[in-house]
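Number of protein chains: 2
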Amino acid sequence: MAECASAFHVPEASLRAQIGAVLGAWGFGPDAVAAGTDGLAYADLRGIHSHGIAMLPIYERWRSEGRFVAGATPSVVKENAVSALIDGGSGLGFLPATVAMRLAIAKAMTAGVSAVSVRRSNHFGAAGHYAVMAAQDGLIGLALSNTVAPAIVPTGGREARFGTNPIAFAAPAARSEPFVLDMATSTVALGKLMMAAYRDETIPLGWALDATGRPTTDATAGYASRLATPLGALPELSSHKGSGLAAMVEILSAVVSGATPAMDTTPGQPGDVGHFFLALDPAIFRCRDEYGAALDRLMEKVRATEPAEPGLPVQVAGDPEREALRHSRTGGICLPAALIRELEPLVARAGCEWHLPDHSGDPRHQGIS
Amino acid sequence: MAECASAFHVPEASLRAQIGAVLGAWGFGPDAVAAGTDGLAYADLRGIHSHGIAMLPIYERWRSEGRFVAGATPSVVKENAVSALIDGGSGLGFLPATVAMRLAIAKAMTAGVSAVSVRRSNHFGAAGHYAVMAAQDGLIGLALSNTVAPAIVPTGGREARFGTNPIAFAAPAARSEPFVLDMATSTVALGKLMMAAYRDETIPLGWALDATGRPTTDATAGYASRLATPLGALPELSSHKGSGLAAMVEILSAVVSGATPAMDTTPGQPGDVGHFFLALDPAIFRCRDEYGAALDRLMEKVRATEPAEPGLPVQVAGDPEREALRHSRTGGICLPAALIRELEPLVARAGCEWHLPDHSGDPRHQGIS
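Order-wise, the sequence lines are chains A and B.
So the first sequence is numbered by our numbering: it starts at 28 and just counts up by one.
So the second sequence is numbered by our numbering: it starts at 28 and just counts up by one.
There could be a bad hint or two in this list.
Okay, the calculated bits of chain B under chain A, using three or more residues with CB under 8 angstroms as the criterion [claimed, not checked]:
1) 173-179
2) 243-253
3) 313-320
4) 325-338
Source of the hints: derived by calculation from the structure; they are not laboratory data.
Each residue gets a CB set at the ideal place from its N, CA and C atoms; glycine is no exception.
Based on the sequences and whatever the hints tell you, model everything.
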């Protein structure tokens, strides 16, 4: 794990203990703490560090801005046999999102298909976490969310209008692990722009726009503007399609549920993010075994595609995260030393115990690796 | 309409008469002819000419290859209150697709949400046609399909694995016309590559790969290889996301229904394309009027985004097609003279009447314009 040279290998239990301690100290109830710990650990275990414990500094800021109602309990506003609308009460987003996906799963197991939408929520972590819940129960799952602030500029514009609006889709196979797509509808995450700006790197044309709305290769200009491009990157590469997908997610997450579209969010207001969850039992269409075997074959054939670069096999959505998960489970979760250093004063401010490695020495000699 | 200089303006009635005459002469039953005429005219009316009457020469070839069973009647294989599996009997794809979406709409109107999948179908035209059916009935609609041959190369590969696998999503608004996203999950359609190759043009890097799996700017090499890139175009612009979306559509269309994945299709076999339709009543979540007004506002704000180029306003998905529809309804459907010339011997072979303009003279002096 060469990428871990200035990083720590943190055991999963320590990571979970730290997340739980902070969320608990911030006054979130036990259910929210459990859901938040599961959700953030899901991401760090799979190498999606932008959606793991690194969110705590952002949550601390949102907390100070009044985005979170600490003791909120999600409530079902409206419900029928195949659908529900859940009000998250502006609590930690992980709880209403988890409740919603579990409800969608239960309904789909009885009826075959179900849709649950959520309003008055907050950031719910990696969307894949919820889609995977369905796949673990033998169902196809879809999880969408809008966000607290616009970042994606619709094709032809110079103002952000949509959140980075993720689409996660998971489908269970028979022998193989599930197909798991988890993607923002922007070309790249804002975190990738931030890292490139820190390193003063040149970025590929199409990652971001400068303040005038022109594509830029200057990471600093692209990150400063916070004008992310939709998937497709440039008009001549069909960025209008990514723009349309981002709008679709905004509609299903916010318009359908009554949440606030990212472009209408007022800073300092209690969270009103919207999510959308769909669960589908493949057995309503064909025998479960046949379906699972067909998905096994599809994924095997994609992995067996002749590669453009010999020795670099083609991957199926979910493969990189599964590889990271295997590494995390055997060698601990690889967290940058800079992140560990940023978390220490945050943990102190929360007034709770420190569960992460001591970062005062050389990080390469720390942790469990 | 400067783009119509070497083209004809064809009245909708003439276009429909010609499509219907050919499909009928080929032995398709009245329901299939009606569905096919509606579906192909939908596309031509909206300027999506790659999915309109220009499909007839391709259908003629597929017909000679045994892809179509002319007298096929779609049958419901499996059904519950919120779902159905339809067998298209390898007939014209428009009929099972129309039957499936109408069934999804009827079920969603009662239950709130529904999913209908189709196997043993063929090309169903523009996916948006089916999503729009739901929106016209006040529902949110999703329409997906795989295709008869692979075209999209998964990121890192040099072999096509997925069809151009479209995603169409339509959502009805209150005062405005619906939001209509209709996109292939490839960067561009094969038809765009073909046109660039005809014109010997340079294409943007990322539209297609050459035979070695490398991105090329040579339209002829890119069209000859038939190796299309997924949305995102290049690995550094996140083409793995488009690759994942194409796989998701392949799973929902073919794996779920039991149809044949594009990469497993055997030439000369009766059609076994798969489709997936979802219908969702927004009223299961919130008051229909509030939902519709929120979507009106969202679309208005997107259109009001400050443009990157002054005077070139930002469009919402569906706007270009609506503009083309207005032109078509007032001035006729603009069809290239070359297409009209290609259709004449086809119509003669089918042994039916000619309903399109006489193309022997100067096309600029023909038609109704």
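Closer than 8 angstroms, Cβ to Cβ, for at least three residues: run that test on the segment 313-320 of chain B against chain A and report holds or violated.
Satisfied; 3 residues make the cut.
Checking C-beta pairs, does the segment 243-253 of chain B have three or more residues closer than 8 angstroms to chain A?
Contact hint for the segment 243-253 of chain B vs chain A: violated, 0 residues under 8 angstroms.
Verify this for me: three or more residues of the segment 173-179 of chain B with a beta carbon less than 8 angstroms from a beta carbon of chain A.
Violated: only 0 residues of the segment 173-179 of chain B have a Cβ under 8 angstroms from chain A.
At least three residues with a C-beta closer than 8 angstroms to a C-beta of chain A: is that true for the segment 325-338 of chain B?
holds (count 8)
The structure shown violates the earlier hints numbered 1, 2.
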